[in-house]
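Visitor: Chain by chain, the residues run as shown.
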Amino acid sequence: MTQHAVNVEAATARPAVTIRGLRKSFDGRQVLGGIDLDVPGGRIVSIIGQSGGGKTTLMRCVNLLEQPDDGVIEVNGEAICAGGAVTCKDLARLRQRVGMVFQRFNLFPHLTAVENVVLAQMHAAGIGEREAVERAVRLLTRVGLAHRATAYPERMSGGEQQRVAIARALALGPTVLLFDEPTSALDPESTGEVLRVMRELAADGMTMILVTHELPFAREVSDWVVFIDGGKIIEQGAAADVLDRPREARTRAYVAKYAASG
Amino acid sequence: MSPSDVFTGFLHVPWGDYAGNIGWGLARTLAYTVASFLGAAVLGLLLALMRLNRLRLVRLPAALYTEVFKNVPLLAIIFVTYFGLPSVGIKLSVFAAGVLSLVLFYAAYLSEIFRAAIAGIHSGQNEAAQALGLGRGTTFGHVVLPQALRLALPGTNTMFVDLLKSTSLLVTISAAELMTQAQLIASETFRALEVYLVIAAIYFAVCYPVSQSLLWLERTIQAGVPLSRGRRRRLRLARTLLAGETP
Ligand SMILES: Nc1ncnc2c1ncn2[C@@H]1O[C@H](COP(=O)(O)OP(=O)(O)O)[C@@H](O)[C@H]1O
Ligand SMILES: [Mg+2]
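If you're matching them up, the sequences are chains V and A in order.
For the first sequence, the numbering used here assigns the number 1 to the initial residue and increments by one for each residue that follows.
For the second sequence, the numbering used here assigns the number 1001 to the initial residue and increments by one for each residue that follows.
Source of the hints: derived by calculation from the structure; they are not laboratory data.
Here the structure is a predicted model, which is why all the values come from computation and not from measurement.
Positions of the beta carbon are idealized from the N, C-alpha and C atoms, including for glycine.
There could be a bad hint or two in this list.
[As the list claims (entries may be wrong)] Label pairs and their computed distance ranges (CB to CB):
1. V:His147 / A:Leu1038: 41 to 49 Å
2. V:Gly205 / A:His1122: 47 to 55 Å
3. V:Asp36 / A:Arg1233: 20 to 28 Å
4. V:Glu248 / A:Pro1061: 51 to 59 Å
5. A:Val1058 / V:Gly84: 22 to 30 Å
6. A:Arg1150 / V:Ala185: 50 to 58 Å
7. V:Lys89 / A:Leu1030: 49 to 57 Å
8. A:Phe1083 / V:Asp27: 49 to 57 Å
9. A:Val1072 / V:Gly33: 49 to 57 Å
10. V:Ala185 / A:Leu1092: 55 to 63 Å
11. V:Asp90 / A:Leu1227: 43 to 51 Å
12. A:Pro1061 / V:Gln67: 27 to 35 Å
13. V:Asp27 / A:Ala1076: 45 to 53 Å
14. V:Gly192 / A:Gly1244: 48 to 56 Å
Let the hints inform the model, and build the full structure from the sequences given.
Guide: Below is the structure:
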């Protein structure tokens, strides 16, 4: 297993997220056992691995939805936690810089699409109503949902809901986006819509950390792939290396399984 | 007494002389209803939040309260607050005692409805709000509460009408509301059947439109019609922008 978290080309990019010695246990059971990871700005890092491996917990530590027990996480060069203590002074600002997209979308069902995108702009970022609505409309247009802007989530397909969720996260101007299995709850057509939006974000240079079982997509968009099992990084490297020529037996078994199931 | 006697009996009651009593009684009934409902809603919400607290020390008293007041008759609460409390030096006015009794009793039921509604909101909602940097207060006010209100609306509506009808129990402390007026008119006219039938009809005439309007409110919200001015304004702005006009 390599300790070189950054490939040669990416080493020149400024790190957006740096993780050192990250540990987390739930009820005495270790879920993350010392994770070291670098995510350079403008790059896409995919995290793959069996369920229960700690992928979601890792992501949730990056925006401090979960408080680590030990280790250091830096976002844009600023330590947000160290040695089990939260050092980030402004959680709201951290979460504006680190957006998150969930597997189950988690849209606010009592609000229309455009209001979902407006809410945190006004109440977390202090953006004025008019500007917030304008930006929401722009972002919904960008994810191809201008025609659904005033629809409620329950009237939308899964793919549409997830694209609203992406617009909602983008509205706060994040420097890093976390995607936790964004297409796992979607049918193939919806998956295609969401992947198309993510592909465009990638082309625009958005820094992304992506948990996914969509190996062909991970292969296509990621600069770096990390295989996690039992709370530890088993293998990491350039996407082509890890996915096409995995060195570890566990990685090979996982890749074989998900390549076969599509 | 045949049905036709009942009919002519109505004519023997000088309704015109009692219009003032009935009007005043109706006003008192509505005052008791509104004051008690507001109080019960506030206390009920507080109890619901206490019962959802992490700390057992906070949950326990609220749970105890709810169990006690759900399992004691309203009439007993009225008698304790009005006839009982003076013996320990707490002398409440009829209005205060009446409202207090109704608040104590209905807060227990409303807290159950509110608690279920708040607990019924998916944890993903809180997560999403947190991940967007919304604070605890904003999350509760803009994400949890609006959804909980929708879930709580049907049960709350039932309780509102139930409370309105229960104000009639305040006749036992001569609260001057509708039922007390009815008793007075009946004793003066010796026409109990006719008078109580008319009073019952008045209760129906108030409760039925109220419950129908609340039902309409439920359906309107369910249909996604935005009720707040802010929401309507934002949606209008969005539609204008989408239509490509400069608003
Ligand atoms: N809040 C929590 N409390 C207790 N255990 C948890 C909690 N969150 C996750 N876990 C446990 O941690 C392990 C890793 O979970 P998770 O990070 O969700 O893995 P993955 O996303 O790779 O499937 C699992 O065994 C899960 O049951
Ligand atoms: Mg997961």
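Visitor: All hints are to be evaluated individually against the structure, with a verdict given for each.
Guide: For each hint, the structure was consulted:
1. V:His147 / A:Leu1038: 41 to 49 Å: Holds - the Cβ-Cβ distance for His147 (chain V) and Leu1038 (chain A), about 43 Å, lies within 41 to 49 Å.
2. V:Gly205 / A:His1122: 47 to 55 Å: violated (34 Å)
3. V:Asp36 / A:Arg1233: 20 to 28 Å: violated (49 Å)
4. V:Glu248 / A:Pro1061: 51 to 59 Å: With Cβ atoms ~56 Å apart, the hint holds.
5. A:Val1058 / V:Gly84: 22 to 30 Å: holds (27 Å)
6. A:Arg1150 / V:Ala185: 50 to 58 Å: violated (24 Å)
7. V:Lys89 / A:Leu1030: 49 to 57 Å: holds (52 Å)
8. A:Phe1083 / V:Asp27: 49 to 57 Å: holds (54 Å)
9. A:Val1072 / V:Gly33: 49 to 57 Å: holds (55 Å)
10. V:Ala185 / A:Leu1092: 55 to 63 Å: holds (57 Å)
11. V:Asp90 / A:Leu1227: 43 to 51 Å: About 34 Å separates the Cβ atoms of Asp90 (chain V) and Leu1227 (chain A), which means 43 to 51 Å is violated.
12. A:Pro1061 / V:Gln67: 27 to 35 Å: For Gln67 (chain V) against Pro1061 (chain A), whose Cβ atoms are near 30 Å apart, the range 27 to 35 Å holds.
13. V:Asp27 / A:Ala1076: 45 to 53 Å: holds (46 Å)
14. V:Gly192 / A:Gly1244: 48 to 56 Å: violated (28 Å)
This entry does not satisfy hints 2, 3, 6, 11, 14, going by the numbered hints stated previously.
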